[in-house]
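Peer 1: The residues making up each chain are set out below.
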Amino acid sequence: MMRFIISRALQALPVFFIVITAVFFMVRFVPGGPFDKEKPVSKETLAALNSYYGLDKPLGAQYVKFLGNLAHGNLGPSYKYQGRMVGELILEKSAVSAKLGAAALLLALFIGLLCGVMSACLKNRRLAEALDAFSMLGICLPAFVLGPLLIYVFSLKLGWFNAMGLNYPSDIVLPSITLALFYCAWIAKLSKNSMSAELKKDYVRTQRAKGAAESSVRLSALRSALMPVASYLAPAAAGLLTGSFVVESIFQIPGIGRFFISSALDSDYTMIMGCVMLYSALIIVFNILADIALALLNPKIAKEMRSK
Amino acid sequence: MHAARTPTVLKFAFLALCTLALCGCGKRETVAFERAQAGILLVGNSADPATLDPTFATGLTESKILCALFEGLTAADTQTLQVTPAAAKNWEISEDLKTYTFHIDENARWSDGAKLKASDFVFAWRRILSPKLGAEYSSMLFIIKNARAYNAGKLQNAQDLGIRAIDDNTLQVTLEEPTPYFLSMLYHTAFAPLPEHVLKKLNCANARDAAWTLPKNMVSNGPFILEKNLIGDKVLLLRNPLYRDASNVIPNGVAFFPIDNLNTEDRAFEAGQLHITNSVPPQRIDAIKREAPRTLLSKPWLGTYYYLINTRKAPLDNPLLRAALSLAIDRPAIIENFLKGGQSPAYGLVPNGCGGYAGGAYTGFDPAKARALLKEAGYENGKGLPKIRISYNTSEQHRPIAEAVQAMWKKELGIDAELYNLSWPAYLDDRRRGDFEIVRASWIADFDAPENFLSIFESSSGLNHGGFKSAKFDALLAQAARAQNNARRMLLLKEAEETLFESAPLIPLFYYGRVCRVSPLVKNYHVNLLDYQNFKNVGFDVQGGAK
Chain Z
1 MMRFIISRAL QALPVFFIVI TAVFFMVRFV PGGPFDKEKP VSKETLAALN
51 SYYGLDKPLG AQYVKFLGNL AHGNLGPSYK YQGRMVGELI LEKSAVSAKL
101 GAAALLLALF IGLLCGVMSA CLKNRRLAEA LDAFSMLGIC LPAFVLGPLL
151 IYVFSLKLGW FNAMGLNYPS DIVLPSITLA LFYCAWIAKL SKNSMSAELK
201 KDYVRTQRAK GAAESSVRLS ALRSALMPVA SYLAPAAAGL LTGSFVVESI
251 FQIPGIGRFF ISSALDSDYT MIMGCVMLYS ALIIVFNILA DIALALLNPK
301 IAKEMRSK
Chain X
309 MHAARTPTVL KFAFLALCTL ALCGCGKRET VAFERAQAGI LLVGNSADPA
359 TLDPTFATGL TESKILCALF EGLTAADTQT LQVTPAAAKN WEISEDLKTY
409 TFHIDENARW SDGAKLKASD FVFAWRRILS PKLGAEYSSM LFIIKNARAY
459 NAGKLQNAQD LGIRAIDDNT LQVTLEEPTP YFLSMLYHTA FAPLPEHVLK
509 KLNCANARDA AWTLPKNMVS NGPFILEKNL IGDKVLLLRN PLYRDASNVI
559 PNGVAFFPID NLNTEDRAFE AGQLHITNSV PPQRIDAIKR EAPRTLLSKP
609 WLGTYYYLIN TRKAPLDNPL LRAALSLAID RPAIIENFLK GGQSPAYGLV
659 PNGCGGYAGG AYTGFDPAKA RALLKEAGYE NGKGLPKIRI SYNTSEQHRP
709 IAEAVQAMWK KELGIDAELY NLSWPAYLDD RRRGDFEIVR ASWIADFDAP
759 ENFLSIFESS SGLNHGGFKS AKFDALLAQA ARAQNNARRM LLLKEAEETL
809 FESAPLIPLF YYGRVCRVSP LVKNYHVNLL DYQNFKNVGF DVQGGAK
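If you're matching them up, the sequences are chains Z and X in order. Each residue of the first sequence is one higher than the one before, starting from 1 at the first, in this note's numbering. Each residue of the second sequence is one higher than the one before, starting from 309 at the first, in this note's numbering.
No incorrect hints appear here.
In silico BS3-like links for lysine-lysine, alpha-carbon gap of 27 Å or less:
(1) X:Lys-440 x Z:Lys-65
(2) X:Lys-440 x Z:Lys-57
(3) X:Lys-462 x X:Lys-440
(4) X:Lys-677 x X:Lys-695
(5) X:Lys-695 x X:Lys-777
(6) Z:Lys-43 x X:Lys-621
(7) Z:Lys-37 x X:Lys-621
(8) X:Lys-462 x Z:Lys-57
(9) X:Lys-780 x Z:Lys-39
(10) X:Lys-462 x Z:Lys-43
(11) X:Lys-777 x X:Lys-683
Cβ pair distances, simulated, as ranges:
(12) Z:Lys-65 x X:Glu-806: 50 to 56 Å
(13) X:Ala-600 x Z:Phe-29: 45 to 51 Å
(14) Z:Tyr-152 x X:Glu-704: 18 to 24 Å
According to the in silico footprint, chain Z covers these stretches of chain X (three or more CB under 8 Å from chain Z):
(15) 351-360
(16) 444-456
(17) 507-518
(18) 532-540
(19) 576-589
Just so you know, the hints here were simulated from the structure itself, not pulled from any lab data. We treat Cβ as the ideally placed atom computed from N, Cα and C, and that holds for glycine.
Bound conformation, chain X alone (with noise of 0.2 Å):
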């Protein structure tokens, strides 16, 4: 009797077996290949975009999208950053350098047929800087004239700014000092054209209402447009017929995943539901280094990963300290040990090759220097100094490389640091209200220019929550936003920098890298240091890469 019931058991578990995998046949090519057979490129993106409203949108989820969708007056070359002309054909830059006239393309259209027009660029720009609104880049823009004053509502006429449509295809701009980077800064998405007339009719002007995002209304300029968007599952962007470059776009559509789990991607990647991932899970570099090579695009990134310190708070008001625990740390450890993903060992602030900065190393690993300044401090082998804390908010990056750190002190300088876990707000509400001795920043840049990252340590900053004054620093700064020449802006900005470390109010431990995996069944994907991209240009190998 028994011998009878076994088998029952067993059929259960074969016809389950079956049933599973019958549920799953059918799919005999990857999606990858498919979609890449039609055209459309999958995308791994690290959240849902929180908006799509370029005046609200703050994020690198968000750019990425918006990026496709709005083109603004320059773009810049996705492998170089070089700036290119867009909704702008060409312009021309007074004698003083403060006022830019741009020709607006009259091929430049809306997708819903509208012509693009020099007021598109008015109208979008007053409303990110309206008083009202809160929006969140609004200080982006301050370097046009009048921008600050309005924005904080010390001035009430918007024509006060320095932003005027001359007629439908001319827009001039003026700004507050020579701003040599300007044109670098017109592809961030704070400086996209909003289509006027579609925003007035669904009253979204003067609102934060996204009524006009959604896809069944939005109308944008780039070389997509917005099919779906779907929070948790996709973002899905189709080609613009109407747009201006039309024929030079290749990919029928965009489709971005919001994936917030590195492995999840990696995993849908591998089984080939994506042909671009957003990153990388740092323990799978290695091997993905030895098994595809091939699908492993690693560049270098604006950002800096640093440590602030609390200035005001002995005993790490004394720089002697603060520069000693700075020379104790071995970077290119942690680099290879954690991180693995094309980072570089930070020495300065500012990373190599940003807007064509040289930057100087103002620390680095040099232990008996590091002893030295301890003993100088009065802390010799770290004796009366007590625990020093290390905040960090939750993350698999932050932990290990706190650890490390604090494994180094110990054993270069005998101090003990204790480590701190806290959770994403608490994290940013200590910070700000300077809660902390020594918590963990970084820094990616919105424009490739070294004033991006400087701007952090000037007083008035909001971002310079360490307490680091220096009205040296600040008239460095000051100096370098007037200054005519490149080669002495750059001076300056040098010497900023030389002025800053000098006080060690941070500790650098390094640049970003950019890692992410690229199918075979695309081409013409490029990385560049602002992570930039538009997707007109990515293309589909579906011969070589199904190979």
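With the rest of the complex left out, here is chain Z (with noise of 0.2 Å):
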């Protein structure tokens, strides 16, 4: 196993390094500069500025020196937020967009996977329609709809909840469920899917045939029916706790979601170049977890992963 993670994130690395290269000259063809502001600044500013970052500098010697930044673990100054470093703003924001990242990805796996097996085990079909319904309302309610509709009901109506910010414990609650309800629809969707595609399959008829409790049968069965659902959780963990922009907007969230989009706007190099590099680790990491996950649901697959 320990081989396989090895290789696995030796794989990951050449990936990890087209991407940021990539990413890196691309920002810089799109039009537009990061010191470019309605009220422009004179042409003497705008080289002093370029020259103080060294953005007058080739481009590929600008590669280089990011590179050999990035070797030092830095990730240089953001043009925006002057005076303040790339990294040091993505651990402070990040740290605030993984905590509700994972409050949403337990709630949507909890009650994801419950509505899901319900349903597939469920004899009442009304029922059984019902939580489908659910999870069919959850992939298709955007979260700019559900979350100003949530603040509406329990903010503005019966005011348990704030409308804004991140201070208090109970702020947790509205953006998480307005986070999880998308994810927790599609693991419903895929556990019922899996769960009530494996419930007729020929090991379960034998283990009821043998006598066995049906809440075994549904467990045995179930630990194969998880696996479309780790393999889903990969980009779905990577997407959430980096955050997003809708949600991190209406609730007023001070997360990392906002820089995705408001570094492009910026054109603010640095911040995109963090956020890249922040959501591509994030994503190589979780598909190795997911590999392994995918490894302890079924024996078979960790064998073929010793062998290689």
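Take the two lone chains, each set in its own frame, and fit them into one complex as the hints suggest.
Peer 2: Right, here's the structure in full:
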């Protein structure tokens, strides 16, 4: 297993390198620059700014410097937030997004699996259909509708929660529900489909024929049914933990999600690079984790991994 | 068996609802009420401050915070914008109106207890003009003798600048030209003093380094000091006990929340989490007027929203066509239907009442005249005229305005216009390169003087992207700058604006309005033409406001 993890990590390195190289050059070919403003600065000022941040050097030299800094763990200064380092900002903000994302992920997993598995196991068609409808609703209802709706009901009308910020423990409830619903619905749908398919398989029928208890039959089916969910969780977790522009904007959460959009709009090159690196690193890490989870769920895959 | 399972699901739902309720319970009073009792103002600000260093601050977002942290030589009455003494207790002006001698208030101190000296102003102004640092607002100081040359690197010695500390309490400033609005520029943050001893200690004096603006290091001389600066969350200021006029500062603190989403801000206000909002969603204004008119504040603002025309490109190089386009727009209809927030129709470039200037109406809504001009330009009923492109950046406001203009041109003149939506960087890039036909533009004043607007169209202006060039216009502005008599200066400026509109290189649409919501818990909050605020006199009415 260890060999597998190391080999996957080594495979990921070139991918990571290609992504950051492509993004480094792409953002510089996009129209506009980090110091463009509606009230433009003079040519002398612009030249001084470019020289201060080393943007007057050839692109190749800038790239080499970027890689050199990266090797030392330095992502450089943000061009928008004067005097603030990108690494420090990303650490600070991603901690907030990760907290919210983790709450949403747990919620999505718990409710999603519960609904999915219950829907597959229930003999009561109406209830099963109601649960299916819930997951359909979750997929269709966008966060920019659900978030304000939750605020309207639970904050403005009932007065149970704050409408913005993340200052009290209860402030995490509404944004995490808003963030979780979509993932929750997908998990419900995936787990229902795979659980239904598993329950029709021969080994389940054999177990039942041998008189095994229904709960243990379902538990063993669940183990296999979880595999598509585990695969889905990798990008879902990366997405959830890196925050959401929409949810953070609706609830005024000081997370990293908004930097993904604002850094691109501000042409804040160093911040764009930081965000892209964070997201790609998380995608890579979670994909490896998903592979490990699959191996734990399915001994056949584990065997293949060992043989690699 | 099925019947037994159904309640389990319901139990789960009930449990979830109870958890939800329990999580939210316990906060009886609104945050706004609690904070008002503690004397802390909760203020919406449209974004995070990009910097808290007055040398590099450029936007209104930063200005709001910095005016509460730093005090310049002068301040302004927040209702009338009348200039008042601040860090300078008084001043003398030479006969030629070019030399100002300021006497610093002996009680003025930095928040670390150090005395505020005239040299702190000299240091700050030399720093913003330093060619090496590329301070975006350095041009604000070009009215000072030799400042432009020093900033361009043509003059090496900072001693040659017209800024001199005669002694610790006396500052002498020499200007290039008599500038009657100089005193009203001095409360802009570009002219704020800097704690030289702190910046030098932290090696920030000659760098775009913000280490000195971190809450643990920052030293300021205004009514408040910086307690926290959390990006995406809030900037918290607390009362400065060493402020020269500390006994007259009412709030114990001000918290600024960087809320860029208008609806989020409005919901936060409704939920009792803000005392003062930065803006109001236009679609909510009618409902607020009905339901809570007491909370709505709407005042004119020194800013103009206009369409800039590229005068270098055919067919828009024809002034008759440009004038016709302007005359076919029904501005009040745009304001009533889309904007709703205290704007007024613009028929000139300089907003009414700007620095005592009485502008005129250089265009209007006259479809018959517009059609006649169009015919004269050779495009009767729009025939032979290619589609005209209106470029704007992505925004909920710009699109409906452009659509309305498009419809009005079609209806009144038979002209087809196409709308061209651009991302913010692409919009700025196209504008700078002059790659547009008509582009949305706006200007919000930095100080209360008509020159602020008219200089946009000077031949040398970095904002004159439409290519308008007029020697007469430039000469009139130059003469106005040298005028020693204010009445003559105003006449020259008016003539300059008339000259500008003879060529119609722009289509003014509306003068901005400032609209916000203010909680009944707050009193003495005023909105002025420049949106200048230092929050020191804003008070609370906890008893009355809670009713």
